[in-house]
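Enquirer: Each protein sequence line maps, in turn, to chains A and B.
Counting from 1 along the first sequence, just add 776 to a position and that's the residue number in this note's numbering.
Counting from 1 along the second sequence, just add 776 to a position and that's the residue number in this note's numbering.
Hint data in this document are derived by calculation from the structure and do not stem from the laboratory.
Built from N, CA and C at the ideal position, the CB exists for glycine as well.
Where hints are given, some of them may not hold.
Below, a sample of chain A positions facing chain B; criterion: calculated Cβ distance under 8 Å [unchecked claim]:
1. Glu816
2. Ser820
3. Asp823
4. Asn907
5. Tyr928
6. Ala935
7. Ile942
8. Ile943
9. Thr1011
10. Ala1014
11. Asn1021
12. Pro1022
13. Ala1054
14. Ser1057
15. His1059
16. Ile1060
No farther apart than 20 Å at their CA atoms in a straight line, the calculated lysine to aspartate or glutamate pairs in the EDC-like style are these [said to hold, decoys possible]:
17. A:Lys852 with A:Glu828
18. A:Lys1056 with B:Glu944
19. B:Lys985 with B:Glu1000
20. B:Lys969 with B:Glu944
21. B:Lys1056 with A:Glu1040
22. A:Lys969 with A:Glu944
Number of protein chains: 2
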Amino acid sequence: MNVAIGIDLGGTSIKGALVNDQGECLYEVTCPTEAEQKGEVILSHIDQLCQELIAQSPSASIQIIGLGTPGIVDPKQGGVISGAHNLPGWVGTPFLFHLQDTFNCPAIAHNDVTIMTYGEFQAGAAQGATNAVCITLGTGIGGGFIFNQTIYEGSTGYAGEVGHMIIEPNGRLCTCGSYGCWEAYASATALVKQAHNQGWPENSDCSAKIIFEHAANGNSLAQELVASYIEHLSTGVANLINICNPDVFVIGGGVSHAGQQLFEPLLATVQPKTMAFAFKSCHIRPATLGNKAGVIGAALFALHSLP
Amino acid sequence: MNVAIGIDLGGTSIKGALVNDQGECLYEVTCPTEAEQKGEVILSHIDQLCQELIAQSPSASIQIIGLGTPGIVDPKQGGVISGAHNLPGWVGTPFLFHLQDTFNCPAIAHNDVTIMTYGEFQAGAAQGATNAVCITLGTGIGGGFIFNQTIYEGSTGYAGEVGHMIIEPNGRLCTCGSYGCWEAYASATALVKQAHNQGWPENSDCSAKIIFEHAANGNSLAQELVASYIEHLSTGVANLINICNPDVFVIGGGVSHAGQQLFEPLLATVQPKTMAFAFKSCHIRPATLGNKAGVIGAALFALHSLP
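Looking at chain A on its own, in the form it has when it is part of the complex (with noise of 0.2 Å):
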């Protein structure tokens, strides 16, 4: 049996699993990231966690380590090279170089996004597409895509930066400094900001989940801002669908835990905002591997590199 350690890098925790070649988690570890410290103590937890795995490794043979982290990954220099702006002290860290040492083991890192989105196209709710959108509802909008079978992450790695697509000209301030991006409208932050905005009772506690549970029990402004939101999500999930036509578009993050209280209205509002053979050829469903995705994602990345 092939096993890899995949590790999820994330700015509140790092998250490390042994994954089996069928995608299958065979023993999970966690702990914070501790994301304002320097790079060498962010690595140290991954050392930690990576010494744990290897402890329960069924055969004591991990083949090779893989790491979705924030940002773009530069193999030859060994870590990540730009953007991770949540992780100031990871960018230059040469990582790879260190696990590779320190394991003895092949490793090989990619971006956070783009290893969820290859985990829901090989484990979960992406398999067996040949064209799929992924998208990640949590603090900002992010993106990931399967063009022909293949990760697609543009010219410098890059591509699915599709929070910051513009939905509403002169719209909300973004946290990118410019207005009207999607994300200030259809992720979960904007969901709860939102609410804050619009009068949602301040000794109340206030998530994405408990507004959709409000609205649900039939609190009129909970039902009010889901509406709102729903709408602004779904202008662009139908862009989406109108440009690169996929036959899987696969919904993440906390929100689409809402399941049909949001799949349903979203559907009913994408459907007059595409092209009718776009919509018609395009499953939007749910992700299926919830907060598994970047480790499973991480491993089947890193087994599927090797020769």
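For chain A, the structure is supplied; the task is to place chain B on it using the hints.
Expert: Chain B alone, transformed into the frame defined by chain A:
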């Protein structure tokens, strides 16, 4: 020397050319399409053009006929199976079988925008690109993609419907029935329509070309129209750069002949709407094959399909 016939079937005219494998047009012919006629009539025009071209062929050995057509081609059915709304009689006409029989050589066809994109990729503004986005500003806005040095056409051949990307929610009604589509703002047709809406003198000629000329000559209404046009154009261009991270972005169609009057303010407007790294690595430039992109693309696509 390898020579092919390239045919570019449009709603108004059919263009044909003898093209060598360097993408050079050796001889060109054209005739009206008679778009409202039956498929057989349109096909008889194409026959006539092919005969004229064969009569001019230096070696009398045409290797293959390539054809760009509106709509989606199914080679198994020998013709267009859907789309091509401007040529209703053409859908279902098995023109590929007919051309093969009549001229005793292979014939191949593909969607016209894809063919033009391929022409610019092989012999025009996108030569040498790894990933290119090509758009045409005309009656609508067509889009074609080269991803990983290969035509990307999506799951059912409909990728590149960039004209129906929504950039203004609840905005202008588009011919597709949706609201706020990019082509309702940034096609040549939209510019002319807007001119009439904003009081362009009724007894005065009006075209995109004329509006740009008047703007260059200091006419304030024309300047206002052009500025607003470029503002909207830039939103879609920026979105496609953020989504696709191409190294080359080609803009064709009549409007692109405005040259620096278009491209200088366009680049200045696109920049703040794009992620810095994606903008920096993308060359935005006018198409160079002009109205020959279709015939050159069709011929080269055909020649490159030969074993």
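Enquirer: Does the structure keep B:Lys1056 and A:Glu1040 at a Cα separation of 20 Å or less?
Expert: This hinted pair is violated, its Cα atoms lying about 40 Å apart.
Enquirer: Return the status of the interface hint for A:Ser1057: holds when the least beta-carbon distance to chain B is below 8 Å, violated otherwise.
Expert: 5 Å, holds
Enquirer: Grab the minimum C-beta distance from A:Ser820 to chain B and call the hint holds if it beats 8 Å, violated otherwise.
Expert: 29 Å, violated
Enquirer: Would you settle whether the hint for A:Ala935 is holds or violated, based on the nearest Cβ-Cβ distance to chain B being less than 8 Å?
Expert: Holds, about 4 Å.
Enquirer: Taking the closest Cβ pair, is A:Ile1060 under 8 Å from chain B?
Expert: It is violated, given that the least Cβ distance between A:Ile1060 and chain B is near 13 Å, above 8 Å.
Enquirer: Was the hint right that A:Ala1014 lines chain B, CB cutoff 8 Å?
Expert: For A:Ala1014, the interface hint holds, since the closest Cβ of chain B sits about 7 Å away, which is under 8 Å.
Enquirer: Regarding the pair A:Lys852 and A:Glu828, is the alpha-carbon distance no greater than 20 Å?
Expert: Distance of about 28 Å is beyond 20 Å: violated.
Enquirer: Interface hint check: A:Ala1054, Cβ to nearest Cβ on chain B, cutoff 8 Å. Holds or violated?
Expert: Nearest chain B Cβ about 5 Å off; hint holds.
Enquirer: Just to be careful: measuring from the Cβ of A:Glu816 to every Cβ in chain B, is the smallest value less than 8 Å?
Expert: Hint on A:Glu816: violated, closest Cβ of chain B at ~26 Å, above 8 Å.
Enquirer: Taking the least C-beta to C-beta distance, is A:Asn907 closer than 8 Å to chain B?
Expert: OK, holds: A:Asn907 within 8 Å of chain B, min 5 Å.
Enquirer: Quick one, are A:Lys969 and A:Glu944 close enough, alpha carbons at most 20 Å?
Expert: 17 Å, holds
Enquirer: Does the nearest C-beta of chain B fall within a distance shorter than 8 Å of the C-beta of A:Thr1011?
Expert: 5 Å, holds
Going down the numbered hints, you'll see the structure goes against 1, 2, 3, 15, 16, 17, 18 and 21, while the others check out.
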